[in-house]
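Trainee: So you can see what is in the structure, the chains are spelled out below.
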Amino acid sequence: MGYPQPNSESPVVNKQSFFRLQTTMVSDGDIYESRVGSNAVALGPESDISKLNVAYFDQSQPGNMAIVPISPQRMFVGEMYAFNSGSELYTPANTPGRILFWPSELWNPDFTPFDAFSPIGTNGRVDYITPVIDVIQYFGSPPSIAPARNDKSYHYQNYPFFVDAGSGNNALIVPYYGRKSAYVSFAQASIASMDLSIYGVNYAYYAGNGGNTDVKELMPATPVPQGFFPLTLTTVTKTIRAAVDGMFDALMIVFSNFSSIPAQPASGPISLHITVSDNPL
Amino acid sequence: MPPAATLTDAAKQCSEDLFTKWQADTLRANTIAFGAASIAQLPVSIQNNLPLANWIAIISAFAPAILSYQYPSAFIHSGISQQTLATYQTAVDYVYRFLKLAAYFRTNNLITNAQAVALLAAYNANYT
Numbered sequence: 001m002g003y004p005q006p007n008s009e010s011p012v013v014n015k016q017s018f019f020r021l022q023t024t025m026v027s028d029g030d031i032y033e034s035r036v037g038s039n040a041v042a043l044g045p046e047s048d049i050s051k052l053n054v055a056y057f058d059q060s061q062p063g064n065m066a067i068v069p070i071s072p073q074r075m076f077v078g079e080m081y082a083f084n085s086g087s088e089l090y091t092p093a094n095t096p097g098r099i100l101f102w103p104s105e106l107w108n109p110d111f112t113p114f115d116a117f118s119p120i121g122t123n124g125r126v127d128y129i130t131p132v133i134d135v136i137q138y139f140g141s142p143p144s145i146a147p148a149r150n151d152k153s154y155h156y157q158n159y160p161f162f163v164d165a166g167s168g169n170n171a172l173i174v175p176y177y178g179r180k181s182a183y184v185s186f187a188q189a190s191i192a193s194m195d196l197s198i199y200g201v202n203y204a205y206y207a208g209n210g211g212n213t214d215v216k217e218l219m220p221a222t223p224v225p226q227g228f229f230p231l232t233l234t235t236v237t238k239t240i241r242a243a244v245d246g247m248f249d250a251l252m253i254v255f256s257n258f259s260s261i262p263a264q265p266a267s268g269p270i271s272l273h274i275t276v277s278d279n280p281l
Numbered sequence: 282m283p284p285a286a287t288l289t290d291a292a293k294q295c296s297e298d299l300f301t302k303w304q305a306d307t308l309r310a311n312t313i314a315f316g317a318a319s320i321a322q323l324p325v326s327i328q329n330n331l332p333l334a335n336w337i338a339i340i341s342a343f344a345p346a347i348l349s350y351q352y353p354s355a356f357i358h359s360g361i362s363q364q365t366l367a368t369y370q371t372a373v374d375y376v377y378r379f380l381k382l383a384a385y386f387r388t389n390n391l392i393t394n395a396q397a398v399a400l401l402a403a404y405n406a407n408y409t
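Top to bottom, those sequences are chains A and B.
My numbering numbers the first residue of the first sequence as 1 and each following residue consecutively.
My numbering numbers the first residue of the second sequence as 282 and each following residue consecutively.
Looking at chain B on its own, in the form it has when it is part of the complex (with noise of 0.2 Å):
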């Protein structure tokens, strides 16, 4: 999908951006990066970041597990495995919940508009 124009319009796109990312067997990769680019706008001396924070660790401690799209299945009439489904299902959990709590946080003040725009661009980045 086109990049989204808030964190609230990411949330609402990130199953089909993460299910894209996922059929072309970058999701890993990609939310790695994503992890990467979060935490730095996210220093855990300030209060206010620590829960945003605390998500970017979930993902980011998670995202190495994320499997390839076509993961080989045990059964002669191989699809997709329910590992690899799994693995796409928390991703898109996670990130969701990330930013549905960044949209909160920026709406009540709680992170700056820098911080949002930053968190934004590493998600349009990553996953459209």
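The following block holds chain A by itself, in its conformation from the complex (with noise of 0.2 Å):
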């Protein structure tokens, strides 16, 4: 969605009980606001991002400006007011006191992955699931607890798969930002044999291909032969706990080592599963 955003006040024009802001992201720089107060803001059921700012005016705070946190853990309960016209203004910039949003976490849709491993390849790709953001602010009463994050599950039966004629690789990347767990399963019937590795990735400062981005295996290139469905599959597994593996702002799952493929792109049927949890198991 982006830019425009949506009409914040619409939802108390149509006497909605609360406001929610639910879009993928554009860029790492993405900032929203809102033109109507709420008694409480929290992060909403399908938001891959896992921590948000939210930036309101406050008249004893430098600038106006007064900036809390939220997150699946933690929502703010308050009033909490926006100021669209007159002199409550943050200052210097002297802009509309109005409610900010903007993620606390780094995304970066230039990450280019295979600079640290081996070419991408001509005809390599990289696929994003864009992260999303989605933050809801109670016109009403608020909820008593912190809403829970939603697990996520994406399920692939086709995938376009792109070779170059030497050996280039094909990375999907899936948001896991405060994640505590992943489940990945893969099995194909398409290709004679190709290897599946799992990375996790936490994303830096810098907009260039690869640059300061830390990247961490988690499953070494394991072998995936060619099955045939329904019943003689050898599917891959994995299970990724934070406890054991770290925290990342992303997984990659990379295919690689192509040993044939059919005529380009080559596709389905293939069984790739991937679930992402806050429960750490």
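Any given hint could be a false lead.
[As the list claims (entries may be wrong)] Just a sample of chain A residues kept apart from chain B, beta carbon distances all over 12 Å, derived: (1) Asn-14; (2) Gln-22; (3) Phe-76; (4) Phe-139; (5) Met-247; (6) Leu-272.
[What the hints assert, rightly or not] Away from chain B, derived, C-beta distances all over 10 Å, residues of chain A: (7) Pro-4; (8) Phe-18; (9) Lys-51; (10) Ser-87; (11) Ser-144; (12) Asp-214; (13) Pro-225; (14) Phe-228; (15) Lys-238; (16) Ala-243.
[Claimed, not checked] Here's a subset of chain B near chain A, in silico, CB distances under 10 Å, partners left out: (17) Thr-289; (18) Lys-293; (19) Ala-317; (20) Gln-328; (21) Asn-329; (22) Pro-332; (23) Trp-336; (24) Pro-345; (25) Ala-346; (26) Leu-348; (27) Val-373.
For the record, the hints were derived by calculation from the structure and aren't laboratory data.
Here the structure is a predicted model, which means the values were calculated and not measured.
C-beta: ideal position from N, C-alpha, C; glycine also.
Hey, can you piece these two chains together into the complex? The hints should help.
Mentor: Pasting the structure below:
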């Protein structure tokens, strides 16, 4: 969605008890505003971002701006006002004292993961599942506890593998902000064999290819031979736990070392199933 | 580092640029000046300017709180206190995010080329 953002005043006009901003990110500079006040602010159930900063007008603070982070563990309960005109301005910029939201975490869609490993190849590709920001302002009575995030599952039965004449790799990058566990399951019936590997990625303040990005191998390249649906598939699985493997902004699923491939673009049937959860298992 | 050629390049190098200003103990003054120069390019009467103007509001409100490089430490073996390191890191975070969004807005014609050039000039004048 991105910009222009949804009108925060519409729920008020429509007599809803909340305003929900749910949007995919367009850059790691995303920032959104609300023109309505509320009794509480909490992360929504579909948020990939696990920590969101909320700025609001407070004359007791420098620049009249106070900032409070919210997360799945901690929402903000209290009356918060948005000022759209008049003398309630953030200083020295002199902008309206509206409520502002922005992610505390980074997202780098320019990240090219293969500089550290092997060339992506002419027809290698990187697919991103774009992170979602989901935040709710409550106009009525706020919830008594911070609402939890839903688990998220991604299932693919067909997947476009692109391979050059050499060793082009394919990567799927899945948001994993603040998650405590993940489960990855993969089987395929379309290619003689391929390797599957999994990495944890933490982004850094670098917009170039690769750059200062922390990448940790969670599962080394594991052969996935061709099977045949439904009974003779070879399924490769990996359970990732924060306490054992660490915490990351994203998981990177890498498909590589294609020994043979049908006519481009190759596709299913495959069974790729990824679940990410706040449950620490 | 040398002046950035694009907003994206500025974002790429801003951590290093702000580090140099932080060590020279001019980061607070440079960030205040950067905010003042940038907000002049983003009148809030234009809807598309609002997200970037909101970032400048955050940067400008925060800038006076940037601590000096050698903030007095409470410890005998005093080095760089964590407070000053934290304010440097926050300045990098805010400026980086502003530049990335500005680059996106320019690419998608949500701000004009003249605005993008002026914002880049403000960055280069204050941080490179």
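Trainee: All the hints need checking, so say for each whether the structure fits it.
Mentor: Okay, the hints, checked on the actual structure:
Taking the minimum C-beta to C-beta distance to chain B, about 22 Å, the non-interface status of Asn-14/A holds against the 12 Å cut. Non-interface call for Gln-22/A relative to chain B: holds, since the shortest CB-CB distance, roughly 17 Å, exceeds 12 Å. Under the 12 Å C-beta cut-off, the non-interface status given to Phe-76/A relative to chain B holds; the minimum distance is some 17 Å. Interface exclusion of Phe-139/A from chain B stands, the closest Cβ pair being 22 Å apart, more than 12 Å.
Remark: the non-interface label on Met-247/A is consistent with the geometry, its nearest Cβ contact in chain B lying 19 Å away (cut-off 12 Å). At roughly 30 Å from the closest C-beta of chain B, the C-beta of Leu-272/A stays outside 12 Å, upholding its exclusion from the interface. The Cβ of Pro-4/A does not lie farther than 10 Å from every Cβ of chain B; its closest approach is about 6 Å, which violates its non-interface assignment. With a cut of 10 Å on Cβ distances, Phe-18/A stays outside the contact zone with chain B, its closest approach being about 22 Å.
The beta carbon of Lys-51/A is kept farther than 10 Å from every beta carbon of chain B, the shortest such distance being approximately 12 Å. Once the 10 Å rule is applied to beta carbons, Ser-87/A is consistent with being away from chain B; the minimum gap is 15 Å. Every C-beta of chain B lies more than 10 Å from that of Ser-144/A, the closest at about 31 Å, which supports listing it as non-interface. Every C-beta of chain B lies more than 10 Å from that of Asp-214/A, the closest at about 15 Å, which supports listing it as non-interface.
Distance check on Pro-225/A: its Cβ is at least 42 Å (rounded) from any Cβ of chain B, clearing the 10 Å threshold; non-interface status holds. In this structure Phe-228/A is separated from chain B by more than 10 Å, as the shortest Cβ-Cβ distance comes to about 45 Å. The Cβ of Lys-238/A sits about 32 Å from the closest Cβ of chain B, beyond the 10 Å cut-off, so the non-interface label holds. Against the 10 Å criterion, Ala-243/A stays outside the reach of chain B, whose nearest CB is about 27 Å from its own CB.
With a cut of 10 Å, the hint placing Thr-289/B at the interface with chain A holds, because the nearest CB-to-CB distance is about 5 Å. Taking 10 Å as the C-beta cut-off, the interface hint given for Lys-293/B holds, the closest approach to chain A being about 4 Å. Evaluation of the Ala-317/B hint against chain A yields a held restraint, the C-beta minimum of about 7 Å falling below 10 Å. The beta carbon of Gln-328/B is positioned within 10 Å of a beta carbon in chain A (closest approach about 6 Å), and the interface hint is therefore held.
A distance limit of 10 Å between C-beta atoms decides the matter here; for Asn-329/B the minimum to chain A is near 7 Å, and the interface restraint holds. Taking 10 Å as the C-beta cut-off, the interface hint given for Pro-332/B holds, the closest approach to chain A being about 5 Å. With a cut of 10 Å, the hint placing Trp-336/B at the interface with chain A holds, because the nearest CB-to-CB distance is about 6 Å. The closest approach between the C-beta of Pro-345/B and any C-beta of chain A is roughly 6 Å, which is under the 10 Å cut-off, so the hint is satisfied.
Taking 10 Å as the C-beta contact cut-off toward chain A, the hint placing Ala-346/B at the interface holds, the least distance being around 6 Å. Annotation: interface hint on Leu-348/B violated; nearest CB of chain A at approximately 13 Å, more than 10 Å. For Val-373/B, the interface hint holds, the least distance from its beta-carbon to any beta-carbon of chain A being 6 Å, beneath 10 Å.
In this structure, the earlier hints numbered 7, 26 are contradicted, and the remaining ones agree with it.
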